[in-house]
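Participant: As given, the protein sequences belong to chains A and B, one line each in that order. Position one of the first sequence corresponds to residue 1 (the numbering used here), numbered consecutively onward. Position one of the second sequence corresponds to residue 1 (the numbering used here), numbered consecutively onward.
It should be emphasised that the hints constitute simulated quantities derived from the structure, not laboratory data. Honestly, I wouldn't trust all of these hints.
[As the list claims (entries may be wrong)] Just so you have them, the derived chain B footprint on chain A, three or more residues with Cβ under 8 Å:
hint: 1; stretch: 6–18
hint: 2; stretch: 173–185
hint: 3; stretch: 188–195
[As the list claims (entries may be wrong)] Capping the alpha-carbon separation at 30 Å, the derived lysine-lysine pairs in BS3-like fashion look like this:
hint: 4; chain 1: A; residue 1: Lys63; chain 2: B; residue 2: Lys208
hint: 5; chain 1: A; residue 1: Lys91; chain 2: A; residue 2: Lys63
hint: 6; chain 1: A; residue 1: Lys208; chain 2: A; residue 2: Lys63
hint: 7; chain 1: B; residue 1: Lys63; chain 2: A; residue 2: Lys208
hint: 8; chain 1: B; residue 1: Lys208; chain 2: B; residue 2: Lys103
hint: 9; chain 1: A; residue 1: Lys103; chain 2: A; residue 2: Lys119
hint: 10; chain 1: A; residue 1: Lys208; chain 2: B; residue 2: Lys103
hint: 11; chain 1: B; residue 1: Lys63; chain 2: B; residue 2: Lys208
hint: 12; chain 1: A; residue 1: Lys63; chain 2: A; residue 2: Lys103
Note that the structure is a prediction, hence the values are computed from the model and not measured. Backbone N, C-alpha and C fix where the C-beta goes; we use that ideal spot for every residue, glycine too.
Chain residues, written in single-letter form:
Number of protein chains: 2
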Amino acid sequence: MGLVVSDITMSLDGFVAGPNATIEEPLGEGGERLHEWITGLQSWRAEHGLEGGETGPDDDVFKEFVDANGAFVMGRRMFSGGEGPWEEDAKADGWWGDDPPFKAPVFVVTHHARETVEKQGGTSFVFVTDGIESAVAQAREAAGDKNVAIAGGASVTQQCLQAGLVDEMQIHVAPLLLGDGVRLFDGGDQAQLEPVRVLGSPAVTHLKYRVRRG
Amino acid sequence: MGLVVSDITMSLDGFVAGPNATIEEPLGEGGERLHEWITGLQSWRAEHGLEGGETGPDDDVFKEFVDANGAFVMGRRMFSGGEGPWEEDAKADGWWGDDPPFKAPVFVVTHHARETVEKQGGTSFVFVTDGIESAVAQAREAAGDKNVAIAGGASVTQQCLQAGLVDEMQIHVAPLLLGDGVRLFDGGDQAQLEPVRVLGSPAVTHLKYRVRRG
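Start from the sequences, fold in the hints, and give me the full structure.
Facilitator: Pasting the structure below:
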């Protein structure tokens, strides 16, 4: 069976998004800078149907992540930026158009029930209304021998950690202080971690931990 | 001229001390766990007059830090855990006895004036009441060609960062989530950083950044 792996980019001062997220700026003020390390990578571009791009350690780490995953879990805000009933959500179809980069089932944790949406390229969005444990269990089932990626945002990641559902946590530390925004760790979790790997480039530092079950 | 280097240990969730610090538990509840990586090292033990200890990457990093420094800057709470007038401070002589490990001048930022205290082994404690810029300037003067270490705690480190006084920042990331305590980054600073080095062991991860002046 695969692992449940949380994977997220965080500024050195602990933020996974800037303040005041909007439809135009879904990662909040300054939040796009968190992901500057990723959008030029060959493996990220390939996943998005683009040619070219950089290779090197950051690309290797991202490719490893993509290749290992058989299913994703994400929060409603990461899916659409919205909240409340779907008919009032301007991005109810998600951010990614007809051919999203996931190429696997994505379990979206939400309070608002909805039929599964099938996209091109193997991506489907399954809307889970009975909580995080159910979402992870369904994702495990769908992933088979591959990993389940907890893709964010902060709230879903915290809930998974607190529920003891995360086997490994990979944090990509962006070399900047955002100063304000949404903290990855704001929930009072306590945990002992075991460093598995650390590597980086001038653009980002990748920290991977095994989470010890308490 | 040497560099001004901030050097501090932080939990992965951003804390440099646990909550509710006391004289008995100066690093707060659970805060001692932050420093588990350091107290077994050969170079730390040697600095404290002890024999033996572990060698390896963590020891190399700590030795490099010690060898590079010609002066230290620290906050009053790091020096004694106290506040207010010195005659009411139970640890007014500091935590380290007659032969402190610094072996160099230590500039303590405080609101309460006091004569310099000379200790054995080259350590002196100089009490600076006219602010962080003055403390760093005096430490630079004392350090000559060597580095000035901003040794903590969080408040002094934040003040130095915000005042643009820090050339390099080394953060030792302890592999644990403390859940509560004193955050290193809580002041709304914004900065762009440049990763200089990343390395680690199962006990800790060392991140070193150059701070770009804005």
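Participant: So, for every hint listed, does it hold in this structure?
Facilitator: For each hint, the structure was consulted:
no.	hint	result
1	6–18	holds (count 3)
2	173–185	holds (count 10)
3	188–195	holds (count 8)
4	Lys63(A) x Lys208(B)	holds, 26 Å
5	Lys91(A) x Lys63(A)	holds, 28 Å
6	Lys208(A) x Lys63(A)	holds, 15 Å
7	Lys63(B) x Lys208(A)	holds, 26 Å
8	Lys208(B) x Lys103(B)	holds, 24 Å
9	Lys103(A) x Lys119(A)	holds, 9 Å
10	Lys208(A) x Lys103(B)	violated, 37 Å
11	Lys63(B) x Lys208(B)	holds, 15 Å
12	Lys63(A) x Lys103(A)	holds, 14 Å
In the structure shown, a violation is registered for the earlier hint numbered 10 alone.
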